[in-house]
Structure formats: structure tokens, C-alpha cells
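Make the full structure from the sequences, and use the hints.
Protein chains: 2
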Amino acid sequence: MNSFFKLISENQKTKKTFLCVGLDPNLNFLPKPLTGQPEAVFDFLKNIIDATEEFSCCFKPQIAYFAAYGLEDTLLKVIEYVHTKYPQTPVILDAKRNDIGTTSEMYAMEVFSRYKADAVTVNPYMGQDSLEPFTKQKDKGVFVLCRTSNPGAGEFQSLKTNEKPLYKTVAQKVLNTWNVNNNIGLVVGATAPEELKSLREEFPEAWFLVPGVGAQSGDMNLAIQYGKSEKGGLIISSSRTILYAGKNSDYADKSRKTAQAMQEEMKCFF
Amino acid sequence: MNSFFKLISENQKTKKTFLCVGLDPNLNFLPKPLTGQPEAVFDFLKNIIDATEEFSCCFKPQIAYFAAYGLEDTLLKVIEYVHTKYPQTPVILDAKRNDIGTTSEMYAMEVFSRYKADAVTVNPYMGQDSLEPFTKQKDKGVFVLCRTSNPGAGEFQSLKTNEKPLYKTVAQKVLNTWNVNNNIGLVVGATAPEELKSLREEFPEAWFLVPGVGAQSGDMNLAIQYGKSEKGGLIISSSRTILYAGKNSDYADKSRKTAQAMQEEMKCFF
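Residue numbers (the working numbering), protein chains in the order written: chain A, 8 to 277; chain B, 8 to 277.
Bear in mind the hints are in silico, worked out from the structure with no lab data behind them. Check each hint, because a few of them may be wrong.
Which copy is meant is left open, so a pair is good if it fits within one copy or across any two.
As the list claims (entries may be wrong) - Computed cross-link-like contacts, SDA-like style, restricted to lysine to any residue with a CA-CA straight-line distance of at most 25 Å: (1) Lys167 with Asn186; (2) Lys123 with Leu78; (3) Lys145 with Pro158; (4) Lys143 with Phe12; (5) Lys143 with Gly77.
Computed from a predicted structure; not experimentally measured.
This is the structure:
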């Protein structure tokens with residue numbers, strides 16, 4: 008197990024939680040008291056982080072929500088805040104990057120050198136060499152899209168390739184061939200519980216990052232039942248349900264209670 | 008044909024060129040006179056643009072080369088510079104984005120609202136709904152990765168799905184089903200000439216963005232022979248070969264001559 012997976016694993020055991028809080032700041036949904044404030048997004052995320060860290064094994068900012076608004080500096084500050092105040096709780100930068108090798112080197116620089124994220128999400132469509140600039144960083148985590156949580160995920164991912172669906176072929180390549188540094192996990196949506204179950208049966212030692220509970224309608228309890236493993240790792244990610252639990256001045260408390268309720272459901276699996 | 012494809016098509020006919028100059032500023036390769044200059048990247052790209060526009064149908068900045076260095080403002084300035092000085096020559100932002108719908112909305116905002124790009128590259132792995140935020144913008148161009156130019160491209164893209172390789176299934180879905188606004192093209196690497204030929208035979212009306220000539224060893228002449236079409240469109244992209252043709256104070260002139268030589272090869276196909 009590499010240092011990223013070790014850190015997150017220890018955090019999970021201490022707090023009895025699989026919960027990853029997704030940090031997706033949409034300006035249209037910010038709580039009312041923050042509207043028009045100069046540091047609205049940073050203050051919002053800082054308060055959410057402080058309110059939910061006790062129940063979370065990691066945080067996962069989604070880079071598009073910062074890039075759309077030109078908030079790169081805020082993203083930098085958010086990651087630095089977590090690293091400084093909560094060094095036990097790593098940061099996965101959700102970026103789903105993929106490009107030819109020379110360009111992926113630049114994306115890896117963006118994610119790991121500029122933003123100093125502990126892990127990243129990437130897309131496998133272009134093959135192993137396109138992801139090597141990420142996976143060669145032994146102390147970082149790399150989550151490769153396998154079976155995603157969106158409605159159209161199966162359009163290509165479920166196509167039969169050599170008698171098995173593409174997502175299975177991707178999982179096998181990634182975990183059996185690419186994972187020489189033991190730093191790669193898979194993204195598997197909670198909206199696809201049967202696929203999650205089948206992947207867990209085939210890969211008991213793998214790490215799965217599971218988005219799609221809450222707003223995307225994935226069943227959290229089922230995701231834990233199917234996704235947990237003694238030998239492997241499981242991370243359950245929730246963004247909107249936690250972030251936008253409240254709209255008024257008590258929003259952080261509402262987010263805290265939502266995260267706490269999710270962790271309550273999780274702790275019996277430890 | 009949508010307004011983006013129409014613009015690029017007119018520019019191609021006027022200049023007798025398929026050439027797209029890729030703008031991938033690597034700080035390690037900048038010409039010597041620019042080293043340490045405060046606006047080195049913008050000045051470099053401005054001079055490259057001015058030197059090569061006469062032979063180019065479009066420009067294609069790759070966003071990772073700006074994001075790695077925190078040069079978002081430079082990217083904004085570069086795109087604005089092209090739009091203001093050369094309105095006949097559109098800008099494709101090479102970003103290869105892909106995510107669930109709500110997040111892709113933010114990526115589309117990044118590409119089209121923030122940077123005001125005329126077109127974008129995207130990754131199809133997550134299916135139609137993941138790209139709809141891009142493709143619904145009728146006046147923009149969207150190039151979907153099909154058969155990429157990197158060495159490991161075939162690892163998944165050439166897997167047999169329903170008796171045909173995955174990249175063919177992607178092409179068919181994208182062009183026959185998703186392309187309701189006639190604004191989608193495919194990315195097909197010049198390093199895969201047989202696949203390019205086969206795709207052109209099946210899709211004579213489609214637009215292909217073809218990277219991989221030059222530093223990636225794709226054969227430009229073959230790419231044009233196999234990729235050109237009376238009814239469809241072809242864009243041949245070259246980055247490093249043009250950008251880094253010179254290292255000294257005459258770098259822009261060297262880039263110009265390289266672009267001109269490529270256009271000389273292209274013009275006989277018009």
C-alpha cells in the first residue's frame with residue numbers, strides 16, 4: 008500500500024468512515040449569507056471542511072467548479088487549508104484528465120506540483136502511456152474511471168469486449184498490468200451496484216472511489232455492502248447532498264449533521 | 008454545417024491550408040531571447056501566431072501547458088489576441104474534458120464562456136449525457152476523441168466491440184446519433200493512417216481533427232490523402248515542429264518557414 012492509501016486507510020479506521028466530501032462550489036447554490044462576499048467560495052468551503060472533517064476520510068474538490076469561475080487561487084487556498092489544518096485527511100483532485108504523454112506530464116504538474124493534491128482522477132480512454140505521468144508518482148494516488156455514475160455510463164463502458172464489458176477490461180488492465188506502484192484505484196459509481204459487486208469479487212485488494220450517492224440516487228448502504236473489503240479500500244463520495252444541506256446562516260451545521268448521519272450509517276461496517 | 012465549421016472551411020479555402028498550429032508553451036523549450044522575460048509565454052505565442060497565421064486555418068492552444076504554470080490569464084490573452092486580430096481564424100481549446108452532466112456544464116462554461124474558445128476537444132468514455140453540455144452549444148465545434156495519436160491508443164480503442172473496434176463504435180455513435188446540431192467532429196491521429204482511411208470511407212461528410220504529424224511521427228501527406236474529402240472537413244494539427252523550429256532571435260521566422268513548407272505541401276490538394 009502506498010503512502011496515500013496508507014494515510015487514508017488510517018484516517019478511515021480512526022474515524023470509522025468511508026466518507027469523502029466533494030467540494031463542488033456552484034455560485035448559484037451558495038448559502039444566502041455568503042452572496043456577494045469577496046471570499047464567498049473560500050469561506051463557504053472552509054466552513055464546510057471544518058464542519059465535516061470529523062466524519063470524513065478525505066476531501067475531493069472538483070476542478071471544473073473553480074476553473075469555470077477563474078477561481079484557481081481559491082482552489083489553491085482550499086487545498087492548502089486542508090493540508091495545514093487536517094494533515095491526516097488527504098485531498099483528491101477530481102479532474103478526470105487524459106492526454107498524450109507529453110501533455111499528461113503538464114496535467115500531472117498542474118495537479119501534483121501546482122495544486123499539491125494527494126491524488127487525482129483520470130480517464131483511461133487513451134491507454135497506459137497517457138496516464139503514466141500520473142501513475143509514476145509513487146507517493147500519489149490515481150483513480151482511473153472504470154464504471155462511472157452518470158446515466159449514459161454504460162453506452163461504451165458496458166459494451167462487450169472479449170466476452171466481458173469494457174469497464175471490466177479497463178479494470179483488469181489497470182489493476183493487473185498498470186498498477187506497478189500500487190497507487191492506482193478505480194472510480195465505480197454507486198448507481199451501478201451490480202457492477203460494483205462484480206468488480207469487488209474480482210478485485211478484493213483494490214481501492215474503489217465510489218461517487219453517485221445522494222443527488223445522483225445511488226444507494227449508500229448497498230454501495231458499502233458491495234464495495235467494502237478487508238483487503239482493499241472503499242471511499243464513498245458525496246458532494247451536493249452535504250454541501251447544499253442548508254441555504255441560510257446555519258448551513259455549516261446542516262452540512263455537519265448530514266455528514267454525521269452518513270458516518271453513522273458507515274460506522275457499523277468497521 | 009454550423010457556424011464554426013463554416014468559418015474554418017472558408018479560411019481553409021482562402022488560404023489553401025489544412026494546418027492548425029498547436030500552441031503548447033513549454034517553459035523549458037522557449038527561445039533563448041525570451042528566457043526570464045515577464046511576458047515570455049504571451050510574447051512567444053503572439054509572435055508565433057503572427058508568423059504562422061497566413062498559413063493556418065485555426066489555432067489550438069492546449070490548456071494543460073497553461074494550467075501547469077498558472078498561466079490562465081495568458082491563455083485568455085492569447086485567445087483574445089487571435090479573435091481580435093484574426094477573426095477569420097478560429098480557436099480550438101484542446102482540453103479533452105469529460106465528466107457527469109452537472110460538472111460538464113462547468114467545463115463548458117470554462118471553455119466557452121470564460122475562454123471564449125470556438126471549439127473544444129472532449130473524451131467520450133462517459134457517454135452522450137456527459138458531453139451534451141458541450142454539444143448543445145450550436146455555434147461551437149466539439150471534437151470527440153476517436154482514435155488518438157499516442158503509442159498506447161489502441162489498448163482500448165482497438166478492442167473489438169460488436170465485431171468492430173471501439174473507436175469505430177465511438178465514431179458511429181457520435182456521428183450518427185449525437186450529432187443533432189451538426190457541430191461534432193472526431194479526433195483521429197495521423198499516426199493511425201489505416202484507421203483514418205477507414206473512418207473517412209465510412210464518414211465522407213465528417214470533420215476530422217488530425218494531430219500527430221511532426222514530433223509524433225505521423226505522415227502528413229498520407230494523412231491528407233486518407234483524410235481529405237469533398238463533402239467533409241480535415242484539420243491537420245502540428246505543435247512542437249512549428250513552435251520550436253528555432254531557439255534564437257529568429258525563432259518566429261523559423262516557425263513561419265516551417266508552417267509555410269507544410270502549407271506548400273497542402274495547397275496542391277485544393
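Q) Taking 25 Å as the upper bound on the Cα-Cα distance, should Lys167 and Asn186 be classified as within, between, both, or neither? A) Answer is both; intra-copy 23 Å and inter-copy 24 Å each pass.
Q: State whether the alpha carbon distance between Lys143 and Gly77 is at most 25 Å within one copy, between copies, both, or neither.
A: Result: close only across copies, 23 Å inter versus 29 Å intra.
Q: Evaluate Lys123 and Leu78 at a C-alpha cut-off of 25 Å and name the case that applies: within, between, both or neither.
A: both (16 Å within a copy, 17 Å between copies)
Q. Given identical chains, is Lys145 near Pro158, meaning Cα to Cα at most 25 Å, within a copy, between copies, both, or neither?
A. between (33 Å within a copy, 23 Å between copies)
Q: Pop the pair Lys143 and Phe12 into one bin, within, between, both or neither, using alpha-carbon distances up to 25 Å.
A: within (15 Å within a copy, 39 Å between copies)
The structure shown violates none of the earlier numbered hints.
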